[in-house]
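Protein chains in written order, with our numbering: chain A, 1 to 223; chain B, 1 to 223.
Treat each hint with caution, since some may be false.
Identical chains blur together in the list; that is why a pair holds if it fits in one copy or across any two.
To be verified - The calculated EDC-like cross-link candidates involving lysine to aspartate or glutamate, where the alpha carbons are at most 20 Å apart (straight line), are:
id, residue 1, residue 2
1, K34, E134
2, K72, E144
3, K123, E67
4, K34, D138
5, K108, D41
6, K54, D98
7, K3, E217
8, K157, E169
9, K157, D203
10, K34, D10
11, K157, D210
12, K52, D11
It is worth saying that the hints were derived from the structure and are not from the lab.
There are 2 protein chains.
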Amino acid sequence: MIKCVFFDLDDTLHDSSRLARLARRAALHMMISKGLPVSLDEGYSRLVRIVKEKGSNYPGHYDLLTEEIVGKRDYKLVSAGIIGYHNTKFAMMQPFSDTLPTLIELKKMDLALNILTNGRAVKQWEKVLRLGLESFFDNVIISEVVGHSKPDPEIYKSALDIAGCAPGEALFVDNSLACITGAKQCGIKTVLMNRERQQAPSDCCDIVIDSLSQLPEAIESFI
Amino acid sequence: MIKCVFFDLDDTLHDSSRLARLARRAALHMMISKGLPVSLDEGYSRLVRIVKEKGSNYPGHYDLLTEEIVGKRDYKLVSAGIIGYHNTKFAMMQPFSDTLPTLIELKKMDLALNILTNGRAVKQWEKVLRLGLESFFDNVIISEVVGHSKPDPEIYKSALDIAGCAPGEALFVDNSLACITGAKQCGIKTVLMNRERQQAPSDCCDIVIDSLSQLPEAIESFI
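Please model the entire structure based on the sequences and the hints provided.
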């Protein structure tokens, strides 16, 4: 019987990838309007490559972009990019439309809910608070704090400890196949959140859903 | 004859101190609403002390505040503080009411205008852009980029070089007596921006004003 659900955050409870695309295009718009000599599409492609090379938590994406395009770090253009990115991110961040209705249903089923996410603690908490999700969750478990990242089995063990939950009573919901695999190895029941309905191996997880609204029924199938 | 004016940014062109007070009180409001066990006034006093001790560019004011009050760094509360601070700062940042009318007058007088400010380059540029001031200024000269800070005479010499202006043709406007002194040592004419009408030594500068709108007339007195 499932007593406890662990949710991934980014791209599971809110559309993190779409938000990042929007915010980065807004950053380019601002930088171009302040003089960066590049087309929107080319600048965006370069920025995406830099983010891929350096990782999303690297603090100098726009510095590198201006160095590439104008031959030196241009602080005005860097600031313009940061303004465009932040304004868009904070204005547009919201849960998926099925997130809150589903969380309310799960609370009515008396389930303990937790977030289990990779990332920097302050950044991940900022998203939880800005999304207005915090009251639904007993614990927000973040890789930076635990000292291990998904899909390392250690983070799932720590998460079970923190939530006071046995593996057989736990369900893990994530959009990442790799993270699902780590949870499976710990004996946790797994749900792949597959909004894009991409091809996934049939044995990858216990259940595949394409909307969070399918989750209450999926959980009842385990009881 | 004055050809070129250098303006300080913070507390000269916009009300930086008031904005910081508002934003820090908003940060405390958010932290308390998310569980920080402290009164608004006591929390605010502690935060102000931490900012004073560590400097305003230190990145961990809220971390230290939670450590002090709850005995450990609390990422949720830190994030709540950052959200309150940033939301307020970005919503409320605006030039003084006399800033834009005065800058327009000075442009009509064919003066070259520059900003000369202490601080981190990306942060100072972000303010210039968010305040909508950038089109008025030929140069935004920032201590981090120059490698010297006001009142070190070197930064005024660099500023004159960048602006292509002789000391005798330059005017420097700042709310800080210390920064005025540095400019005077370089032979630059000086205007103390004294909005609060505080006591100032009579020989501290060439002219004292309490509103930027007095600046065009003051400049004509030098011609």
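Evaluation of the provided hints:
1. K34 - E134: Cα proximity of K34 and E134: across copies only (10 Å, versus 38 Å in one copy).
2. K72 - E144: between (33 Å within a copy, 16 Å between copies)
3. K123 - E67: between (26 Å within a copy, 18 Å between copies)
4. K34 - D138: Intra 45 Å, inter 14 Å, cutoff 20 Å: inter-copy only.
5. K108 - D41: Intra 46 Å, inter 39 Å, cutoff 20 Å: neither.
6. K54 - D98: Intra 33 Å, inter 44 Å, cutoff 20 Å: neither.
7. K3 - E217: Classified as within; 14 Å inside a copy, 76 Å across copies.
8. K157 - E169: within (13 Å within a copy, 70 Å between copies)
9. K157 - D203: neither (22 Å within a copy, 71 Å between copies)
10. K34 - D10: neither (31 Å within a copy, 22 Å between copies)
11. K157 - D210: Intra 27 Å, inter 64 Å, cutoff 20 Å: neither.
12. K52 - D11: Within one copy, since 17 Å is at most 20 Å while 40 Å is not.
Hint compliance for this structure: hints 5, 6, 9, 10, 11 are broken, all remaining hints hold.
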